[in-house]
Amino acid sequence: DTGVSQDPRHKITKRGQNVTFRCDPISEHNRLYWYRQTLGQGPEFLTYFQNEAQLEKSRLLSDRFSAERPKGSFSTLEIQRTEQGDSAMYLCASSLIPQETQYFGPGTRLLVL
Amino acid sequence: AQSVTQLGSHVSVSEGALVLLRCNYSSSVPPYLFWYVQYPNQGLQLLLKYTSAATLVKGINGFEAEFKKSETSFHLTKPSAHMSDAAEYFCAVSDPDKVIFGPGTSLSVIP
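Line by line, the protein sequences give chains D and V. As numbered in the numbering used here, residues 143 to 255 make up the first sequence, in order. As numbered in the numbering used here, residues 1499 to 1609 make up the second sequence, in order.
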């Protein structure tokens, strides 16, 4: 069990560019979650998957955001036409079953210039 | 929707003193409750969780929390603070399949 991993750990981009983040959950975990955390705040829920199905999306997830989990294993989160307000830490978590403990990855810190 | 409040965005204690971090939740049904810790530039690590088995929950690193339904509280305590406890602490509640986090409390430990 190697834990949840995220790539890249840091990303600096210019406003208007597209970025994609990857999350590899703990193997055999069916649930995968994405959160966003801005400085001085708690993580805010964005979306989650049960295997490959995206079951819920937050209102925070604008049309510029898209997440996929094509084979029920790793997941990607893409942000199109980035804005400075997208600068945040993007956290991924996984759990074996609903309401079980969510295990978090180290996060991807995004800075939009 | 569920919500979590944490009283005090910043708490300072002396090394060896009692740590008390406050958390209140809003829930119409008994929830699952969590405390997570976050060290700088790292992800979140679970300290402990309440799942209705016992009202006093013991976690890692000497932390424990008590669930009080009448007060809708889940305060985190540790009898004796250590320098390594300095971090950001988040209380969270299940809703029901996702987790709703409080704003966090930054704990400083003074030598």
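Don't read these hints as lab results, they were simulated from the structure. A hint or two may mislead.
To be verified - Computed Cβ-Cβ distance ranges for the label pairs, DEER-style:
1) V/T1553 <-> D/L255: 29 to 39 Å
2) V/A1551 <-> D/Q159: 21 to 31 Å
3) D/H152 <-> V/A1552: 22 to 32 Å
4) V/S1524 <-> D/Q196: 19 to 29 Å
5) V/A1552 <-> D/E170: 41 to 51 Å
What the hints assert, rightly or not - So these bits of chain V aren't anywhere near chain D, every CB distance computed over 10 Å:
6) S1507
7) Y1534
8) N1539
9) K1547
10) A1551
11) K1596
Beta carbons are placed, not taken as given, at the ideal position from N, Cα and C, and that holds for glycine.
Hints, verified against the model:
Between V/T1553 and D/L255 the beta carbons are some 49 Å apart, a value that contradicts the proposed interval 29 to 39 Å. Against the hinted window of 21 to 31 Å, the Cβ-Cβ separation of V/A1551 and D/Q159 comes to about 48 Å, which falls outside the hint. Checking the proposed 22 to 32 Å range against D/H152 and V/A1552 shows it is violated: the Cβ atoms sit about 41 Å from each other. Distance hint for V/S1524 and D/Q196: a CB-CB separation of about 27 Å, consistent with the stated range 19 to 29 Å.
Taking the beta carbon of each, V/A1552 and D/E170 are about 28 Å apart, not inside 41 to 51 Å as hinted. Its beta-carbon lying about 8 Å from the closest one in chain D, V/S1507 breaks the requirement of being farther than 10 Å from that chain. Remark: the non-interface label on V/Y1534 conflicts with the geometry, its nearest Cβ contact in chain D lying 8 Å away (cut-off 10 Å). Listed as a non-interface residue, V/N1539 fails to keep its Cβ farther than 10 Å from every Cβ of chain D; the least gap is roughly 8 Å.
Not every beta carbon of chain D lies more than 10 Å from that of V/K1547, the smallest distance being close to 6 Å; the non-interface claim is violated. Every C-beta of chain D lies more than 10 Å from that of V/A1551, the closest at about 13 Å, which supports listing it as non-interface. Once the 10 Å rule is applied to beta carbons, V/K1596 is inconsistent with being away from chain D; the minimum gap is 5 Å.
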